[in-house]
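Fit chain R to the supplied structure of chain F, relying on the hints for placement.
Sequence lines, in order, name chains F and R. Under our numbering, the first residue of the first sequence is numbered 1, with each subsequent residue one higher. Under our numbering, the first residue of the second sequence is numbered 728, with each subsequent residue one higher.
Simulated from the structure, these hints should not be mistaken for laboratory data. As the structure is a prediction and not an experimental result, all values here were calculated from the model. Note that beta-carbon positions come from the ideal geometry of N, C-alpha and C, so glycine has one too. You may find that some hints are simply not true.
[Unchecked claim] Output of the computed footprint for chain F on chain R, the stretches with three or more beta carbons under 8 Å from beta carbons of chain F:
(1) 731-743
(2) 748-755
(3) 759-768
[Unchecked claim] Ranges between beta-carbon positions, derived for each pair:
(4) R:Leu731 / F:His177: 46 to 54 Å
(5) R:Ile737 / F:Ser709: 23 to 31 Å
(6) F:Gly135 / R:Pro736: 18 to 26 Å
(7) F:Gly135 / R:Asp762: 41 to 49 Å
(8) F:Ala605 / R:Arg767: 48 to 56 Å
[Said to hold, decoys possible] If you want a taste of the chain F side facing chain R, the calculated C-beta under 10 Å gives, among others:
(9) Arg510
(10) Leu682
(11) Ala685
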Amino acid sequence: MSAAEAAGAAPAVDVSPFVTAAADGRQTLHLMVHGVHCGGCVRRIEQALLADPAVATARVNLTTRRLRVAWDGPKEVALRLMALLGGLGFRAVPYDPEALRSSDDSAERQLLRAMAVAGFAAGNVMLLSVSVWAGHFQGMGEATRALLHWFSALVALPAVVYAGRPFFASALDALRHRRTNMDVPISIGIVLACAMSLFETARGGEHAYFDSAVMLLFFLLVGRYLDRRARGRARSAAERLLALHVGAVTVVEPGDRQRALPAAQVAPGTTVLAAAGERIGVDGRVTDGVSEVDTSPITGETVPQPVRPGSAVFAGAMNLAAPLKLEVTATGEDTLLAQIVRLLEVAEQRRARYVVLADRVARLYAPAVHTLALATFLGWLLIAAVPWHLALLYAVAVLIITCPCALGLAVPAVQVIASGRLLRGGILLKSATALERLAQVDTVVFDKTGTLTLGRPTLDLREPVDSTSMMLAASIAAASRHPLARALFAAAPDVPVAPGVAEVPGSGLRCGEVRLGNRAFCSIPDTGEAAGPELWLAGPGCAPARFAFTDELRSDACAVVAELRAKGLAVEMLSGDRAPIVATVAQALGIDDWRAACSPAEKTARLEALAAAGRRVLMVGDGLNDAPALAAAHVSLSPSSAVDISQNAADAIFQGDWLRPIVEVIDVAGRADRLIRQNLGLALAYNLLAVPLAVLGFVTPLTAALCMSGSSLLVVGNALRVRGRRG
Amino acid sequence: MSVLVYLVPIALALGLLGLVAFLWALRSGQFDDLDGAAERILFDDEDG
Numbered sequence: 001m002s003a004a005e006a007a008g009a010a011p012a013v014d015v016s017p018f019v020t021a022a023a024d025g026r027q028t029l030h031l032m033v034h035g036v037h038c039g040g041c042v043r044r045i046e047q048a049l050l051a052d053p054a055v056a057t058a059r060v061n062l063t064t065r066r067l068r069v070a071w072d073g074p075k076e077v078a079l080r081l082m083a084l085l086g087g088l089g090f091r092a093v094p095y096d097p098e099a100l101r102s103s104d105d106s107a108e109r110q111l112l113r114a115m116a117v118a119g120f121a122a123g124n125v126m127l128l129s130v131s132v133w134a135g136h137f138q139g140m141g142e143a144t145r146a147l148l149h150w151f152s153a154l155v156a157l158p159a160v161v162y163a164g165r166p167f168f169a170s171a172l173d174a175l176r177h178r179r180t181n182m183d184v185p186i187s188i189g190i191v192l193a194c195a196m197s198l199f200e201t202a203r204g205g206e207h208a209y210f211d212s213a214v215m216l217l218f219f220l221l222v223g224r225y226l227d228r229r230a231r232g233r234a235r236s237a238a239e240r241l242l243a244l245h246v247g248a249v250t251v252v253e254p255g256d257r258q259r260a261l262p263a264a265q266v267a268p269g270t271t272v273l274a275a276a277g278e279r280i281g282v283d284g285r286v287t288d289g290v291s292e293v294d295t296s297p298i299t300g301e302t303v304p305q306p307v308r309p310g311s312a313v314f315a316g317a318m319n320l321a322a323p324l325k326l327e328v329t330a331t332g333e334d335t336l337l338a339q340i341v342r343l344l345e346v347a348e349q350r351r352a353r354y355v356v357l358a359d360r361v362a363r364l365y366a367p368a369v370h371t372l373a374l375a376t377f378l379g380w381l382l383i384a385a386v387p388w389h390l391a392l393l394y395a396v397a398v399l400i401i402t403c404p405c406a407l408g409l410a411v412p413a414v415q416v417i418a419s420g421r422l423l424r425g426g427i428l429l430k431s432a433t434a435l436e437r438l439a440q441v442d443t444v445v446f447d448k449t450g451t452l453t454l455g456r457p458t459l460d461l462r463e464p465v466d467s468t469s470m471m472l473a474a475s476i477a478a479a480s481r482h483p484l485a486r487a488l489f490a491a492a493p494d495v496p497v498a499p500g501v502a503e504v505p506g507s508g509l510r511c512g513e514v515r516l517g518n519r520a521f522c523s524i525p526d527t528g529e530a531a532g533p534e535l536w537l538a539g540p541g542c543a544p545a546r547f548a549f550t551d552e553l554r555s556d557a558c559a560v561v562a563e564l565r566a567k568g569l570a571v572e573m574l575s576g577d578r579a580p581i582v583a584t585v586a587q588a589l590g591i592d593d594w595r596a597a598c599s600p601a602e603k604t605a606r607l608e609a610l611a612a613a614g615r616r617v618l619m620v621g622d623g624l625n626d627a628p629a630l631a632a633a634h635v636s637l638s639p640s641s642a643v644d645i646s647q648n649a650a651d652a653i654f655q656g657d658w659l660r661p662i663v664e665v666i667d668v669a670g671r672a673d674r675l676i677r678q679n680l681g682l683a684l685a686y687n688l689l690a691v692p693l694a695v696l697g698f699v700t701p702l703t704a705a706l707c708m709s710g711s712s713l714l715v716v717g718n719a720l721r722v723r724g725r726r727g
Numbered sequence: 728m729s730v731l732v733y734l735v736p737i738a739l740a741l742g743l744l745g746l747v748a749f750l751w752a753l754r755s756g757q758f759d760d761l762d763g764a765a766e767r768i769l770f771d772d773e774d775g
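Next comes chain F alone, as it looks inside the complex:
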């Protein structure tokens, strides 16, 4: 419900810069909507918007969580619509559709079109080829065979030219940089097969490889599309988060006009408004307002910090109690956020060097295939002294037979099925290589706040409070939105709301003579640093009562830590919080290896030390302070409650209040890794069997087609096993 709260508390901001007007006066606004989960949400949003007399169309895309709304009338209608969405409990952020239409999006479209064309051509050419093969046994006339070959050429050649472009482009690019990749043998094989077949057709030859060429292209395109799709799904989720992160700053202009601006465009000296319950988007100094800020995303510290005019606040902190006006002190490169981002980028560059298994295999495979094909051609030409076109035909058969259907199809198939299974369990894989890296993990490092714990305060029931005070405090707390007050009210939800409660921002609540708030507000002498967040209740005629709050452990944290240990993984905890709090949590979970009060740089340093010791570390964290560590780890996970930048740095995100997905993701990754290795093994075995036949010239288009579909079905069938018995 935090999205709803944020929307309710946020002031109506001016989104008019994002409204685009058509020539006929129709205004359109694109929004990313946070909190859409099902058809019911879609229905509520669309109905509510369409009920507005001005709105002409409103359509939510459930896959991308985007809303397009169009209306006739002035731009200012947008304000009303945003308020309407906020009232429904959805947080909406405007975005520019042109800016988000990345080149990847159109590349996926192009792949899908190429796949459709290749599929059509493969089907029809195969139809013709089956007739030719049947004709070999039933004595088809040469003229008929030539006719069918010409028809095949007519369909196959344009299809290859169109559908082969992704491979040809990639192969040319690789050659231009004096490298070779898997697309080079694929391209050479397809082009040579088509050229040879055309030559054979023209001279009325018996064998044409048009069917092999287009079928190969089709299989490989299926694999490539699956691969792209798995990445695209993760990417669209990341885009969504990124857009929510940007545009969160409300600038107050002279005359108290409010305007939404991306954080990067705000100049130092500008006045910015941070509503209660909103994440602060910039570094700044408080000019007006008294409140408390939750810095746990930045530092991991769980005790809220009081702020008053003059206090410095940092981007990423959450404003808890009352609206604040801030004077921006730093933007862009100078903010704490930007420093963390720099640490993050350095860490990410190191990780980008990781090369997936399939590519490592491909590096060895491509030169081997080239050599083999060349050797076949030269061998037949020089040793067996056959005509050059026959030798070339045999070499083409070698290229076609060795073409990496298993590499191109089976690995993406395993990844798509595995990530689909994880998605159903609420785990979103963001990086294409995450599964493979997850399978190698031997150490798990946890952050504390928000990861092992829920990251929100709950009343500590271990400290006894008498029930009269409890009831009184809860009834006062019911009137406030402050997180501690809410936690207190949640512990006794049945009490009636006390009338006449006044909120003193940054201090507490007053109800007549009774006060509920921090120590100073309740005139309690300060006895030293509090061990955690607390509230005091003081009033005439009753002893002051203390309500302590803890950040509760996720309910399955103990079980998950034990299970990870049972799998033979080392478990460690790095936290930015104070040592006593971290020690308590470590003890409760049985983690011996822990460090408290770590800065982002210290966390990264620790992970690098582990990596230097040869450990493969899975980092699980959620805070802004964890982001560089997430990027520095071998692989990383974030809960979906994490701040946006951490979600972007993590390789995978899991949803819900459970840690269980961590175990599941490691399990599935292990299984996927085994299957990928099996598939590569199967492909290798198939090549060991088929390649000698091709080199010796026994392979005809018919056997090539059978081998190719056979091996592809085999590896895809094997890939399906990743779903597991429970799947």
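Positioned in the frame of chain F, the structure of chain R alone reads:
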């Protein structure tokens, strides 16, 4: 066998028709929201 001369083009034309239909569907955005379509069928029509 001369029947092939027009049967094969007819078969190809029919296949091509399917391809064009798919490309048209792709272009007109029918594959943009695969999850939403499944849910929308459950909505009651406003004035239906």
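Outcome of the hint check:
1. 731-743: holds (count 7)
2. 748-755: Per the Cβ count (3), the hint holds.
3. 759-768: holds (count 8)
4. R:Leu731 / F:His177: 46 to 54 Å: About 48 Å separates the Cβ atoms of Leu731 of chain R and His177 of chain F, which means 46 to 54 Å holds.
5. R:Ile737 / F:Ser709: 23 to 31 Å: Check passed, 26 Å falls within 23 to 31 Å.
6. F:Gly135 / R:Pro736: 18 to 26 Å: holds, 19 Å
7. F:Gly135 / R:Asp762: 41 to 49 Å: holds, 48 Å
8. F:Ala605 / R:Arg767: 48 to 56 Å: holds, 51 Å
9. Arg510: violated, 48 Å
10. Leu682: Since chain R brings no Cβ nearer than about 31 Å to Leu682 of chain F, farther than 10 Å, the hint is violated.
11. Ala685: Hint violated; Ala685 of chain F Cβ to chain R Cβ min 35 Å, cut 10 Å.
In this structure, the earlier hints numbered 9, 10, 11 are contradicted, and the remaining ones agree with it.
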